[in-house]
Structure formats: structure tokens, C-alpha cells
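Residue numbers (this note's numbering), protein chains in the order written: chain A, 1446 to 2109; chain B, 2 to 165.
A couple of the hints might just be wrong.
[To be verified] In silico DMTMM-like links for lysine to aspartate or glutamate, alpha-carbon gap of 25 Å or less: (1) B:Lys-30 to B:Glu-158; (2) B:Lys-13 to A:Glu-1745; (3) B:Lys-20 to A:Glu-1749; (4) B:Lys-101 to A:Glu-2070; (5) B:Lys-20 to B:Glu-31; (6) B:Lys-13 to A:Glu-1749; (7) A:Lys-2089 to A:Glu-2021.
In case anyone wonders, no lab produced these hints; they're calculated from the structure.
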Amino acid sequence: MNSRMGDKNSVNFRIDSLDSLEMVKHRGLKKLLPDIPRVSVGLATCGIAAGGNVIYEGLKELIEKEKIDAYLTKTGCFGICNEEPLVNVRLPGMPIVIFSKLTKEDLPHIVNFIKTGILPENNKNVLCKIEQWDHITTENPITYGKGYPEIPLWNEIPFFKPQRKLIMRNAGITNPEDIEEYIATGGYSALFKVLNGMSPEEVIGEVKKSGLRGRGGAGFPTGLKWEFTRKAEGDRKYVICNADEGDPGAYMNRNEMESDPHMIIEGMIIGAYAIGATEGYIYVRAEYPLAIERLKTAIEQAREYGLLGKNILGTDFSFDIFIARGAGAFVCGEETALIASMEGNAGRPRVRPPFPAQKGLWGKPTDINNVETWCNIAPIIKHGGDWFSRIGVERNSGTKVFSLVGKVKRTGLVEVPLGTPLKEIIYTAGGGAANNKKVKAVQTGGPSGGCIPESLFNLPVDYDHLAEAGSIMGSGGMVVMDEDTCMVDTAKYFLEFAVDESCGKCTPGREGTYQMWKMLKKITEGKGTDEDLKRLEKTAKFVKLTALCGLGQTAPNPVLTTIKYFKDEYIAHIEEKRCPARVCRPLINYYIDPDLCRGCTICARNCPVEAIDGRPGYIHIIDQEKCIKCGTCMEVCTFNAVVKLSGEEIETPLKPIPVHREGK
Amino acid sequence: MTRDEIIEIVKKYETNTGKLLGVLEDIQKEEGYISEEAMRTVSEFLNVPLSKVYEVATFYSFFNLKPVGKHIVTVCMGTACHVKGATRVLEMLEDLLGVKPGETTSDGKFMLTTKDRKFTVNTARCFGACSMAPVIMVDGKIYGYVNSDKLPRILKEYGWGDER
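Here chain A stands alone, though its shape is the one from the complex (with noise of 0.2 Å):
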């Protein structure tokens, strides 16, 4: 196996000429077009903990067996994430063949199909084909092949239909660990094009042309940011990678780091160069291990190939690369903040100016950019800045890769140009809620952002209309809510988390946010009055204008975005004492519904404070003074006799008595 590929290459050098770039890129396409069958299991975070793993290592297993001549690597994420674990076949001369779900007894089918090229059975387990891939920084598509008229492409199918790949160029198609399949893809050319004849100027000129913005959330120019810290006074300068993706919902910048490391640092050199920095960052949260791993190979292989230390691509131009490890703080992903835990402090922001392009890390002028806009520097050095400014709608141009999960049929990371409608993603891509529920909201940007109503949906997805609908663009979480979520329970789980990771500095955000909590939670007990909603609102206010950093101003968006298009379901929790959706445990009682109970014990078996009362043959009750609505005695019933009611009742026995079987 892997005979004539080998992982590690024998020789190494340091690239320093358009000869040498075109010779590693030579190499690295004899791996991804071989000969040979060539077989990518999906290796990423997800991936992983969907099997990938038992799949990788079952067909090498195999393929040693039974002495196939294929060259087995792994990939990163492809996007659709309910499918995996996937697996990539591509024979010489054809297509890749996406192959998902896939279980261990699942693999002999698809040994079969590397050996003979004969599709398993009824197609099973195949999802999707790939004739020709656009990497984006190839001069022309990638062709790997035509073929198998009975699979659809991949941008047929509905999930994939709405997208377009700039950022994912590369990701669950090339080996993330290998520096040579990313040249392949024309990787590093772009920063050859800026060492050998742009000047730093005309470097920021295009990507301020591009009119690409921060993809952290603010969405500020990034070739103005580049700008300021290039004009900025200082002996030294820094760049910095912001891979602190704290929204919980939000994991396109972990699948970035995963699936193709190579064009992150691409993108800091070329930003570096352009700024005039000396040394690069990643901030990375410590809850991504794996992203830190394949960061640090790349960073590793860089080196190795002369992209990274002193005199890249053989120019004078000097530059390096470390990470720098988070360890759970929401707030870190502040830049202020970001900047105080690089230093050694407790992540706490402070107040600006100086803005960090002025003073920033250890009081250098430092450009901070989150790690999804750095994915797209190589492609507007590549093509231009007018190209990229062409994707899109106006000032919102490029692309952006959303995290789409939640109450949704297809979860996974849906890449659109900026301005596609609300609705492609959740009902084209995402296939609408699941099990024939009926979507209620989508919440964009995490803690800082809000919760949009179905109504609404039609909207374009800008920085700019997502402001407008009082929500941000945040990072790209998009957490799908159906007729089952509580509006008043998510603000309140927002306001929580922002509790919880206020770091305590200005008392808006330390004290504003608790006083919402604490409104709120009264109100979810069924507690709070007209007169809480309304100081609950005017609270909010006073925090989004006062609060010192980002984490508080904008804490109080899920409750104001709340109010304002679900203010029947607080106003059902006050003054009707009822929670709609069936959430908030001190709004909602089990019954049993003596109809469908048949008396089998299983819920009394296992109720944990024993508020069951019934034997077996008999109509079982629950004691509504003991239970704690746990809802086990609905998870266990095999007869759909639990019923969940919040502001109603049903009519049951006061004791046990014998169900009665006929007719029933």
C-alpha cells in the first residue's frame, strides 16, 4: 500500500524559485490525481466521532489483506456533516465517488468497488460524485474525472445545491496534513506572486478593493485594519489569528483549521508581509485539539519547505508562526481581551483606544483578524480584489461559511455568497426542521446575537440586514429552532452564558447581565409581571449602551430580539402561566392518559422520586405534589401514554383502577 506515494517525502528542501514551487506541486498532484485508486477517509473533528476512525483503520486493514495497490490518506470535512463518516474513492481516470454513513460491514463493498470498479449494490452508501473541482487558487478547475451517469454530482444534491465552495476549497478533498496536496491545489503560489513583485501597498491595496470584511463578527474592512497597522509607529509589529471560536453553536473555524491549515497560514504571511510584521499568532481555543495538531504539522512542514522562518521563498523577507493555546474563556475572543491571555493575564478587556492596531500585543502595533478572513487572502492576491469584490452583494462581497444546526433536517457547514437568503440555507441546504415539525427562529451570531422569526426569512444574509433584524452576523453559528424550543428559555440561556463568562470588569456587564437573568428565570417560573418585561427591556438597553467590550454590549441582543418577535410567549408565561413550547419545567405537568395506559409498570419502574402510583394491569397516575418533571416516564413508555401539557389538564383517576381492554 502506498508503495510509490510515501507520507513523509525523502527529500525535503526549501522552495526558493518558480522551478522549485512547480516541482512540490507536481509532486503533490501525482498524489491526488495517482495512478492508483486513491481512498480519503474524513478525519476531522466530526468525522471522528461519527467512526471515521474504525472506518480508516478497517480499510487498511483490507486493503493489506487483500494486497491492493491504493494509496489510503485521510481528509478533512466536506461540510455535510449528518452524512459521515465519508470516504472519497477515486479510481484513475474517474470521478470521486463520495461514499457516506459507512459502518465497518459496510467496507467490504467498498474494497470491492476499489478492486473492480463495480458500484455496490443499489448504489448503497453512495451520496455524490466529483467530475471537476474548482480549488479556487488553480489557474483552471481540477478535472479528476467523467463518469457513473447514475450518481448525481455533488452540487446536485439539495444540501450542497445553494453553495459555493471559495473557503472550503479544499476541504474533504485534499490530505490536511500534507503541505504538497495544498501546493497542488495552488497553494503558496500567491505568496510567491506578493515576495516577487508586489509591494506591501499594493498587497493592501487589493484587499482593500476586495471589500473583504472581519469574518469575527464586526465585520470591519480588513484591508483598512491591515492599513492602520502598517502605518502604525513601532520597532515591531505582530499578526494575529483569532481561532478563539467561543460561540457555542458556531464550528466553522475549527472545520478550517481541520481540513486545510495551509491556507490560514498563507493568508498571515501574506498579511505580515503587507503590515510589516515580523511574528505570527493563532489563538486557539483549548477545546480544539485536533485543529491545534494539524495546526502545528503545517506550521511544521512550512518551515521545512522555507514558507515560514528567516528568508521565505528565498526573498529577505523574514516571518514565523506559534500558537498560543486558550483554556475557556468566552470573552478572549474580544481582541483586548485576546491580547491580555497571549500575555500571561487574566483575559480581561480593556478599553480602546489605542486600538490594537496602534498598541497591541506586548504594546506593538498588532493586526488581529479572525482565522475565516485569512482563508480568503490567497484568492484575492490570486484573482484580484476586484473579482472577489464581484462575489456577493454590495459591501458584503465573498463568501461565508455557516455552521447550520440545531432542530434542522441536515446539519452541517453550508458555504453561500453573502446576500443569500435566509431560507436557501435552512429549507434548501438544510432540508427544514426535522420530524415533520415546523421551524420557529434561527439564532445567528451565538450570545451576541438573535433570534430571527420565520417570518422573516426571506432576508438576505449580510452583516447589514442581519443588524437591521437586530441579530449580527457574528462568527456563522445558526442554531435552527422548531415549535418545540421556548423563546424565553433560550434568551435566558443566552444571558447565562453571558453571566457565566463575564469577566467582571464594568458593572453594565457584570451586574446588567445578572439582573436580566434574574428577570428572566422569575419569568420562566411563571413568577414575573408586566412590570419585569418591561424592566427587563429597559435593562437591556442600558447595557448594549454601556457596557465596556463587545460581550456586554451585545449580550442583550437574544432578549431584546426575543421580545420583540415572540412577545405573546412571555406574555403567555406571565400572565397566562403557560409555556407554549413545553419547556419551562415549573409551567409543565406529565399526565397519563388513561386511554393508552396499559398498565405495563415500565414508567413507575422508573420514575426516580417514585411519584407513580399503579400495579401491573392497572392505569397508572402520576402525583403531581412528588414529581419533578424529568420526563422519563414519557422517554420509557412504549405506548405514547405520557402527555406533557403546560396550562392545561386531563381528566385521570384519582386511584389506580384496571385498564380497560376492550374496544380499546
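Chain A is fixed; fit chain B onto it per the hints.
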């Protein structure tokens, strides 16, 4: 950990940036928590006041200041997990392992350890495996789509219920 082992960790760091957090994380990786002794040694070798090392160790939710059980079960409390029932998963876990809910350690962090020191239960903000919500992590391994059926089976992989 011995002083020498801590010095070895400190030496691995090429620049001052990110050093303190990195060193503390590496220590926790080895020992499962940061002991007072370890904090004193770090303070001495990094030439940072002990009060600052303590401030940092308590500020970040990642650090444990108390010894932990053999296996660490972390329940993700991210938004996707929340709407898909993470609170219920945490309750089931507390129930199965017999640890009391609502207990927090003196530094205000949520952490529950079983009497036999076999399991520690804690929570995290988000693992970024949202597509498989609700999610838990046991000793660094992620399990998705957790429910009442799956949870006991996962715990059994780590020797839960062996002694019964």
C-alpha cells in the same frame, strides 16, 4: 509532577507569548489538575507572582484546581446541545453515576466526582461538534447523538457498573 518535569515543560516554549497558559495546560494534561505546588514552581520559573498564576488558573474555566477522577465526562452545554436536551443528558449522567446535582467546587466551577474517584463530570461551553448534538466527551473522545439508551453503553466502555 517533579520540579524537573515542570522545567522541561517551560523550556519547550519559544516565546513569552502564550507561555503561562500553555505551561499550565501542559501540567494539567499530565496531572489532571493544577496543584498548589505546581503553581508555586511555575511562579518561580516564569518569574511571575504566585498571585497572578492563581488569578489566571481561576479565571479560565479549563483549569481544575482539585484532583479529578480517572475518567472525565464533559457534557457540552452549547446552543445546539441545549435545544436538543443537554440539561437532560447532564441529569441522566448525575443519576447514573450517583453524583449530586448542583454541587460546585469552592472556585465556583462545576465539577462532580464519584466517591470511588472513577468519574468526574463537568460541563463545557461548546466542542464544535454541534451537528451531532447533544454531545458528550469522555477523556477527549467525542460521542454524538447521546440519549438515554446510549449513555449507559458509553459509560460501560470506561468500566462503569463493573463492581456491581
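Right, here's what the structure says about each hint:
Pair hint B:Lys-30 plus B:Glu-158 holds up; C-alpha atoms about 21 Å apart against a cutoff of 25 Å. Using a Cα cut-off of 25 Å, the hinted pair B:Lys-13 and A:Glu-1745 holds, with the two alpha carbons roughly 15 Å apart. A distance of roughly 24 Å separates the Cα atoms of B:Lys-20 and A:Glu-1749; the hinted pair therefore holds under the 25 Å criterion. As the CA atoms of B:Lys-101 and A:Glu-2070 are separated by approximately 22 Å, the hinted pair is consistent with the 25 Å bound.
For a cut-off of 25 Å, the pair hint linking B:Lys-20 to B:Glu-31 stands: about 17 Å separates their Cα positions. Between B:Lys-13 and A:Glu-1749, the direct Cα distance comes to roughly 19 Å. Compliance with the 25 Å bound is thereby established for this hinted pair. Simply put, A:Lys-2089 and A:Glu-2021 have alpha-carbon atoms about 17 Å apart, close enough for the 25 Å limit, and the pair holds.
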